[in-house]
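The whole structure should be built from the sequences, with the hints applied where relevant.
Protein sequences appear in the order of chains H, U and X. Counting with this note's numbering, you get residues 4 to 345 for the letters of the first sequence. Counting with this note's numbering, you get residues 0 to 494 for the letters of the second sequence. Counting with this note's numbering, you get residues 5 to 391 for the letters of the third sequence.
FYI, nobody ran anything at the bench for these hints, they're computed from the structure. Just to be clear, a hint being listed does not mean it is correct.
[Stated by the list, open to error] Between beta-carbon pairs, the in silico distance windows are:
#: 1; chain 1: X; residue 1: LEU101; chain 2: H; residue 2: PRO19; range: 51 to 59 Å
#: 2; chain 1: U; residue 1: ASN113; chain 2: X; residue 2: LEU101; range: 49 to 57 Å
#: 3; chain 1: H; residue 1: ARG74; chain 2: X; residue 2: LYS39; range: 54 to 62 Å
#: 4; chain 1: U; residue 1: ARG191; chain 2: X; residue 2: PRO306; range: 55 to 63 Å
#: 5; chain 1: X; residue 1: LYS39; chain 2: U; residue 2: THR84; range: 37 to 45 Å
#: 6; chain 1: H; residue 1: VAL78; chain 2: U; residue 2: ARG140; range: 40 to 48 Å
#: 7; chain 1: X; residue 1: ARG201; chain 2: U; residue 2: ARG191; range: 40 to 48 Å
#: 8; chain 1: X; residue 1: VAL142; chain 2: H; residue 2: LEU158; range: 39 to 47 Å
#: 9; chain 1: X; residue 1: LEU44; chain 2: U; residue 2: ALA31; range: 47 to 55 Å
#: 10; chain 1: H; residue 1: HIS117; chain 2: X; residue 2: PRO306; range: 23 to 31 Å
#: 11; chain 1: X; residue 1: ARG201; chain 2: H; residue 2: GLN161; range: 57 to 65 Å
#: 12; chain 1: X; residue 1: TRP184; chain 2: H; residue 2: GLY21; range: 16 to 24 Å
[Claimed, not checked] List of simulated lysine-lysine pairs, DSSO-like, C-alpha gap at most 27 Å:
#: 13; chain 1: U; residue 1: LYS455; chain 2: U; residue 2: LYS321
#: 14; chain 1: U; residue 1: LYS184; chain 2: U; residue 2: LYS302
#: 15; chain 1: U; residue 1: LYS354; chain 2: U; residue 2: LYS116
#: 16; chain 1: X; residue 1: LYS88; chain 2: U; residue 2: LYS455
#: 17; chain 1: X; residue 1: LYS88; chain 2: U; residue 2: LYS481
#: 18; chain 1: U; residue 1: LYS404; chain 2: U; residue 2: LYS300
#: 19; chain 1: U; residue 1: LYS321; chain 2: U; residue 2: LYS235
#: 20; chain 1: U; residue 1: LYS235; chain 2: U; residue 2: LYS464
#: 21; chain 1: X; residue 1: LYS88; chain 2: U; residue 2: LYS464
#: 22; chain 1: U; residue 1: LYS302; chain 2: U; residue 2: LYS404
#: 23; chain 1: U; residue 1: LYS464; chain 2: U; residue 2: LYS255
#: 24; chain 1: U; residue 1: LYS235; chain 2: X; residue 2: LYS88
Backbone N, C-alpha and C fix where the C-beta goes; we use that ideal spot for every residue, glycine too.
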Amino acid sequence: MLQYVRRRKSAQALTPAGMLASYLILAGWAFIVLFPLFWILTTSFKLPVHVYDGPVYLPYVDFTPVSDAWRYIFVDLRNDTLRPYINTVIVALSSSVLALALGTAAGYGLLRFHYAPRLGVIGLFAGALLLAGLAINMQVPWQIALVSGLAVFLLARQTVGRRFTSSVGNEDISFWMISQRILPPVAVVIPIYVMFQRLGLLDTRLAIIITYTAVNLPIVVWLMRDYFRNISVELEESAAIDGASPYRIFWSIILPLSTPGLAATFLLVLVFSWNEYLFALFLTSANAQTLPLLIAAQNATRGPQWWYMSVLILIMITPVILMAIALERYIAKGLLVGALKG
Amino acid sequence: MSRHLRMLLALLGAIVLLPAVSVPAASSRPYAGVTVNVLTFTGPQIAEPLQRRGPAFTRLTGAKINVVTVPFSDLYQKILTDMVTGTNSFHAFVFAPQWMVDYVTPGYLEDITNRVKADSKLRWNDISPFFRDFSASFAGRTYTIPLDGDFQMVYYRSDQLQRAGLRPPETWDDYLKVAQALHRKDLNGDGRPDFGSCIAKKRNAQSYWMVWSVAADFLQSRGTSQGSFFDLDNFKPLTNNEAFAEALRIYVETGKYGPPDELNWDVGDSRAGFTSGRCALSIDWGDIGTLAIDPKTSKVKNKVGAVILPGTRRVLDRATGKLVDCTSANCPYAMNGVNHAPFAAFGGWSGGINKAAPARVKDAAYAFLSYMSQPAQANVDVTIGITGFNPYRVSQFKNMSLWVKAGMSSGAAKNYLGAIEASLNSPNMVLDIRIPQNQKYQQVVLDTAIAKLLAKETNIQQAMKEITDGWEAITNELGRDKQLQAYRSTLGVKR
Amino acid sequence: MLTDRNLRGTGSPNGPVPRLRLRLALAGWIDRQAKSLFLLPAVLLLVFLSIFPLILSVYLSLVRFQLVPGGFRFIFVGLANYRKLIVGIEREHFLGLLADPGPLIWALGGVIATVLLVFIIRGAARGTPAISGTAGRVVFALVAGTLAWLTIRTLTSGGRPGTLITTMIYVFVGITVQYWIGLTLAYLTSQRLPGRRFFRVIFLLPMMITPVAIAYTFRIIADLGKGPFAPAWRLLGLSEVSWVNYPWGARIVVMMGDIWQWTPFMFIVLLAALEAQPLELLEAAVVDGASRWQTFWRVTWPQILPVTSTLILIRMIEAFKIIDLPNVLTNGGPGTATESLTLHAFIAWRTLDIGGSAAVAYSLLFLVTFTALSYINLVHRRLAGAV
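Following this line, the structure appears as structure tokens:
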């Protein structure tokens, strides 16, 4: 299969008036975006008295910048800053990659295959899992609980499961996935805490990675499904006729064609994991603490400590900005397949 | 004696004597190999002194101190979750005694009464009686070691009051008069009009304590054990009477002399406003005193005065619900005919121990908390603003040299310490509410009703009704008798 | 999928040797399992983390949590937590203060009722046989009608919206503004403007910052006493006025922060969609002489409709959970004007009212599920399902 790669060209050129109007709008919103960030930057060089006394804008013009806040974060709190930083990087990258891997596969499956799991089987599976969960809660070792749960499920499926024949379809599965995001985390944070505690995974990066992957999975599934829709079915069908397996089709055709979507989705999920607060608060303690906790913690009994907070915000968004710059290139590329024409 | 019996006696003797022999070798580092996990909120306040003194304690005793911090707003939940779910990853906590009732009732907090009695280095009797007997205790037993003394005072701009010929406010009417006189004057020389009174009135922040600082002196006049929140016999809230109405009227009126966005000011803003010179008066804990002398935060160094919380000449008669004049019968602790009731809001950060920790770790944890509170360490830490520790020991405000060394002028030190002394010595200090579900009473019902009143969504009568109905609903849900019993226990009332 | 092609050149002229046959059979089996293998890992992970917490949190909404000597206790109270929200002591907090309906309100109510009735009848008369279809429409009409009635009565003078209505305002206004700004920005940066890469990266920035940090940043920026706009505000002579004291003022500030924060989400998804358009269609339109406006609405817009629909669904579900901005900006004030449902649940949860908090969270769940299902059935299917 041949692919033609062409740099995108605009179909229509803009008139000068059009260009001016466009730049005005773009510059306007850019200012709106950049001003708060500029404020954060200058605040990180301010002393408390500069912040409280009324706004000062430009360093060296309105006030003398000091590096107190930077010194405090980097020198005084050296390890207490470095450890959450590393944790955040590891946790966010791992969970995003995992979510992307599992989610794109699921999204493709939900689009191209026809699923019809029977309600009875689903109910039994949920029931078995619930029993396993209760067993773990009662201090049964998790290995035994899971194996027995699985056994119960398989047994019951052979007997009772056959009775209920009504089934759910792709749309229902998709809706179930996105509905996982509806309940605010505050409602489930204690049960999840208890679950990981029984599994002995509290204050580990693994617990957070698992949680973030599960939490972000529905978004990946839904978004990638829509990007995949834009890829014409004929491509896949012709490849199948040529003898390619579904895996081959997915890996060699679908994924390369949806690079913009993949890049956008990866960035989104990375940002969600990077910035998540509530689960990190509860599932971590000293070892696996992440950066958002550090930022929220700057609001102590004395009121928000804006200067420290600004430093933390800046160091927190820098890697993500770099990643955004890198990924923006992929969102920009429009890859076209010329094989359709032939 | 038979040979066997002699051997047995020798063995017994050896067993008895062995610890005495081995102790000298281990007494230099009795807790070597022990790690104590201490949980508190992210500093620098409170966490910084713990982290700073940890290594010295390790050198002394061998125990390693591991200070873990979480955001302040989530500390309560984190402590409770850790203990309730049996995780027990923390051995000691530095928290607010107001939360004690929720940790003591289920039996999660270690009873340290006996340890404290046997600890002479702690100088327990040096601690002010209020923090010793009320704040650190519950139902007659001691559960925490005080590290910090939290109570509210009124701060004023001594230079501005002097210039206007005003005296520091003694009653809340005085407070309003001073605020009115100085409102819209330029108090910090920047050409812009400033404010007479700045109080942290933001919702879900500290407003529900500030309002009680105004109200408590109307409601409690016969000493701490009288309590200021509920009637001691039938547990009815004291929020639906003439006295509370007057307190609310005053609280609302302070807004006339405050910044336009005072409804969104939390304690960070009110302190900042005061230390940058924009406010003539403010209500706060001890922090303004130490913040005012820090050149990084303050423009009003040595221009700050502090005074015991203003009081009232008319107090509540609980039988009739009316305001009556202060007499020696109903206001035994009045000064100049004015009843003061310094409000120990929040309680003062204290250290407690997790009952489920291993015995040796508990010993080490107790030793650390005691070490932090001992005068040798504590008296220095309370003079350093960044520690967040405010004075709570008698010896801390007797010795002015430490404060002068920290940067206060001797006049300012005398004034500040005098106000603290007057408050700490007052037998009518007010204990913060410490019954089960106190957070619902204060943070949900009281705070919401006050926020709506300040936002002019309701009037005073409606607000009072809302608070009273809300409190009664919670009490009925939890059981009036149980709540009454808890309330009495926390006030040390035995009946 | 095995075909002859796979077997070519793998052994003797008579066919593959036995060991190869096993490997090919295995490969065939793996291929047949592809259907499951694509979906199952994701489903298993989700199920693992959702079943137990879900059931437990439902249970929590039916109990009252209490600390007792010896530990803690869950006291079963049935639907008491929900009753408190709808008719009990939390009613004004949750639903709001309902104004007495005047003639105008009755008229509006009548219009809405008529519209919904028409909706049901048209659906039933269209020949779709299923009773479930009509029943669904009736349910939709009932719930939507109640919500509309609530909205009207709380938003007119004399009424005051509770956390439920406030959250809905945040969601619908926020999404509308975010979408159109995001689309404009995406469209402009997908054109061949020099420097567009720079703009693209800039526009992504707000989303990169953790929500808590954004909330604090907006708090200092929106502070008219010591924030950057203080001098301008003073110049306008408004130094005595603050948005803090006005419910709608505070809500607008919250929404401004929300729009600043989440427009990039719309922007990046729409940008990817715009970039993925096949160039031939656009070029064909140019050749046919279409203007830029026509090209957009006739060619581009239908292309991005499926993604738009999904995007709005996802963003809507997220938007209902707004908490950081109202929490940090005003802690829900003035009064309870800016408090969202999640903030309501969070405050209750922080004060150990675990049952009440779960009840509010589940009310949010019902509301969002209803909205999402209605949206999917009425809008999304039409826009995206046609593909």
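Going down the list of hints, with the structure as the test:
1. Our hint of 51 to 59 Å for LEU101 of chain X and PRO19 of chain H holds, since their Cβ atoms are close to 55 Å apart.
2. Checked against the hint of 49 to 57 Å, the pair ASN113 of chain U and LEU101 of chain X passes, with Cβ atoms roughly 55 Å apart.
3. Between ARG74 of chain H and LYS39 of chain X the Cβ separation comes to about 58 Å, which falls inside the hinted range of 54 to 62 Å.
4. A beta carbon spacing of about 57 Å between ARG191 of chain U and PRO306 of chain X agrees with the range 55 to 63 Å that was offered as a hint.
5. Judged by the Cβ atoms, the range 37 to 45 Å given for LYS39 of chain X and THR84 of chain U holds: they are separated by roughly 41 Å.
6. Checked against the hint of 40 to 48 Å, the pair VAL78 of chain H and ARG140 of chain U passes, with Cβ atoms roughly 44 Å apart.
7. Separation of ARG201 of chain X from ARG191 of chain U is about 44 Å and conforms to the stated range, judged on CB atoms against 40 to 48 Å.
8. The given range of 39 to 47 Å is respected by VAL142 of chain X and LEU158 of chain H, whose C-beta atoms sit roughly 42 Å from each other.
9. Restraint check, LEU44 of chain X to ALA31 of chain U: a C-beta distance of roughly 53 Å satisfies the suggested window 47 to 55 Å.
10. At roughly 26 Å, the beta-carbon separation of HIS117 of chain H and PRO306 of chain X lies within the given 23 to 31 Å, and the hint holds.
11. Look at ARG201 of chain X against GLN161 of chain H: about 59 Å separates their beta carbons, and that is inside 57 to 65 Å.
12. Distance hint for TRP184 of chain X and GLY21 of chain H: a CB-CB separation of about 19 Å, consistent with the stated range 16 to 24 Å.
13. Distance check on the hinted pair: LYS455 of chain U and LYS321 of chain U sit about 25 Å apart at the alpha-carbon level, within 27 Å; holds.
14. Among the hinted pairs, LYS184 of chain U with LYS302 of chain U is consistent with the structure: their alpha-carbon atoms are about 16 Å apart, no more than 27 Å.
15. Taking the CA atoms of LYS354 of chain U and LYS116 of chain U, the gap is near 18 Å; set against the 27 Å cutoff, the hint holds.
16. A hinted pair counts as satisfied when its Cα atoms are at most 27 Å apart, and LYS88 of chain X with LYS455 of chain U qualifies at roughly 25 Å.
17. Of the pairs offered as hints, the one joining LYS88 of chain X and LYS481 of chain U holds, with about 23 Å between alpha carbons and a cut-off of 27 Å not exceeded.
18. In summary, the hint linking LYS404 of chain U to LYS300 of chain U is supported, as the alpha carbons are separated by about 14 Å, within the 27 Å threshold.
19. A C-alpha spacing of about 15 Å is found between LYS321 of chain U and LYS235 of chain U, which places the hinted pair at or below 27 Å, so the restraint holds.
20. For a cut-off of 27 Å, the pair hint linking LYS235 of chain U to LYS464 of chain U stands: about 13 Å separates their Cα positions.
21. Note on LYS88 of chain X and LYS464 of chain U: the hinted pairing holds, with a Cα-Cα distance of about 18 Å set against a maximum of 27 Å.
22. As the CA atoms of LYS302 of chain U and LYS404 of chain U are separated by approximately 17 Å, the hinted pair is consistent with the 27 Å bound.
23. A hinted pair counts as satisfied when its Cα atoms are at most 27 Å apart, and LYS464 of chain U with LYS255 of chain U qualifies at roughly 24 Å.
24. Taking the CA atoms of LYS235 of chain U and LYS88 of chain X, the gap is about 22 Å. The hint holds against a cut of 27 Å.
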